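From first to last, the protein sequence lines stand for chains A and B. Yeah, the first sequence ends on 395 if you go by this note's numbering, and it's all consecutive. Yeah, the second sequence ends on 1236 if you go by this note's numbering, and it's all consecutive.
None of these hints come from the bench; they were simulated from the model. As the structure is a prediction and not an experimental result, all values here were calculated from the model. We put the beta carbon where it would ideally sit given N, CA and C, even for glycine. A hint or two may mislead.
For each label pair, taking beta carbons as the anchor points, the in silico distance ranges come out as [stated by the list, open to error]:
no., chain 1, residue 1, chain 2, residue 2, range
1, B, VAL1104, A, GLU378, 43 to 49 Å
2, B, ARG1048, A, ALA186, 54 to 60 Å
3, B, ASP1016, A, THR354, 51 to 57 Å
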Amino acid sequence: MAPPALSAAPASCRSRRAAGTRDPRLVVIILRGAVDGLSAIPPVGDPDYPELHGELAFAASGERAALPLAGAFAAHPSLAAFKRMFDQKHATIVHAVATGYRDRSHFDGQDVLESGYPAPGRTDSGWLNRTLSALSGSAPGRKLGLGVGATAPLVVRGPAPALGWALSGLAPADGDLTARVLDLYAHCDPSLGERLRDGLAAEKVAAEGSTAGGPKKPSAGGNPVDQMRSVAEGAARLLATPDGPRVAALAFDGFDTHQNEGAAQGLLAQRLKGLDAAFDAFSENLGDGWKETVVVAITEFGRTARVNGTHGTDHGTGTVALLAGGALAGGRVIADWPSLRPERLYEGRDLHPTTDLRGVLKGLLADQFGLSPRTLAESIFPDTASIAPMKGLIV
Amino acid sequence: MLTGWSVAGPESAVGDSGAFLFKSNWHEPGDRTILGRNYAPAGVEQGRAVLDDLARHPATARHIATKLARHFVADEPPAGLVDALAQKFRDSDGDLAVVATALVSDDRAWAPRPGKIRTPLEFIVGAARAAGFQSTDPGPYLHALDLLGMPLWRPAGPNGFSDSDDAWSSPEAMKMRLDLSWSMAQRMRGSAEPLAVLSTALGDTASPDTRQAVERAGSREQALALVFMAPEFQRR
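Chain A extracted, bound-state conformation:
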């Protein structure tokens, strides 16, 4: 009997999806301040890199060694867990990537990154919220989205309702007071009561997890790295809940390293260590859900290739997108590498963007949730018919 043709594989994937046995998850981490992609994922094999990135540059070996990945690329020493996932084929890097935004304002750059609109000025909804709208037919009445933080990131804000959760570190109100307030609201203000009940339910899951295993309260105390880990832990527990959210957004700030950026130690090293801890927390706390998860960390733009006069870097253009998750066909650095030759630098100063970030995100949404190219090009990322969804990111 003839073995099944190789071309049957995609068809069977589609049928598995249609049968509803997949339960995919997507987490978007917004890294605010513009990440130096040439330090996060240093192109240690590019001959122009050491001189250009100067005192901040890493090397393939020696005392400035970064963690080797593939080909010319390595990972910042802070990204140890991410590197481990890469080796397990659960992490992918897209390098020399950027949105369509080409100016240098953080506010406008973040608006474009998160709104998914081609230009700044529209902040009524984010592309992840519009994704929720597109998915709402598959689970009527269920909140598939989760916005993390005191103010949810714009990417998940908009008309489609989303669950919210924030790490507070406050001593929670005791059960008796909570019951009395809920009782008062039930009589006098049902809409506030419903919101409060939803908030209490989310906090309970984030603090304890939905399954047995003992409460493990995330703490807002501790250093910034622990805090970033705790935020990811809480979000992961909510995403692990059987009927919980499946799409989440959170934001980490502090990547605007104009001064004393540092190399293996310093400002950027600490922020990346927190991000690495967050990746680790998602993989640890999602349980079986990790197999079907992608966590993607994106930033508004990159930084200058050269070091400035204050041991840092200034606003630039091309940068990296970091993807982690068991759903990935990982272990790859995807880059149409422009090189760092002086004549190839964007405006003579930045890593030249050769991949549109929206193509990466469209590829993830297409393969994780089965969204059509038309929906992606019209409602999720308007006016992007010419930017094809990147293929093959997901197993």
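Following the hints, put chain B in place on chain A, whose structure we already have.
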């Protein structure tokens, strides 16, 4: 047009700290065209002329009227109210006292019930004032505002904080308000009688349910927390 417009620094020799200052040698000379109208070079007066014209533009009257009505009445204020306020703005040549008087005198401004939720700043400051709580330590207030997503004077973008109900009454925000009410009540319990605070803050507007909940509370701090969380206190 605005080049050269500045403020005096703390050590300035030419003006009080923070006062407006026009630095003519920083001003980019030349004609400016704004909204189709040409403005000849006139130093600081060029910018003032532009601002005068912008202030009298009909879109400005509507914009200010909409913002006032949205802030004080409802996210989607009655259209007739906005029109009336915009008209007052134009008729009075932008006298905000006249516009504000028209707002509070208009029945339509009082119609939408329940009212809007207090912003985090209104809630936190209101709680401390209602309790008569005096403290020289700003730390807990600033921390509370951070937790509620309204860090003092630090909005995420130049367009400022949201003025919509949904932005401030999300599930996680309501849960945070409950925890903060509890922590504030513990901190302030010595400074006020809960029923007196209820009366100070809400007077006759407290519902029988709220009054009963406060009266029947199991402890003084629980009673104070119930005042802070009462729907009439959370809303304006």
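Each hint, compared with the structure:
Roughly 46 Å separates the CB atoms of VAL1104(B) and GLU378(A), a value that falls within the hinted 43 to 49 Å. Between ARG1048(B) and ALA186(A) the beta carbon distance is about 57 Å. The supplied range of 54 to 60 Å therefore holds. Checked against the given bound of 51 to 57 Å, the beta carbons of ASP1016(B) and THR354(A), roughly 54 Å apart, stay inside it.
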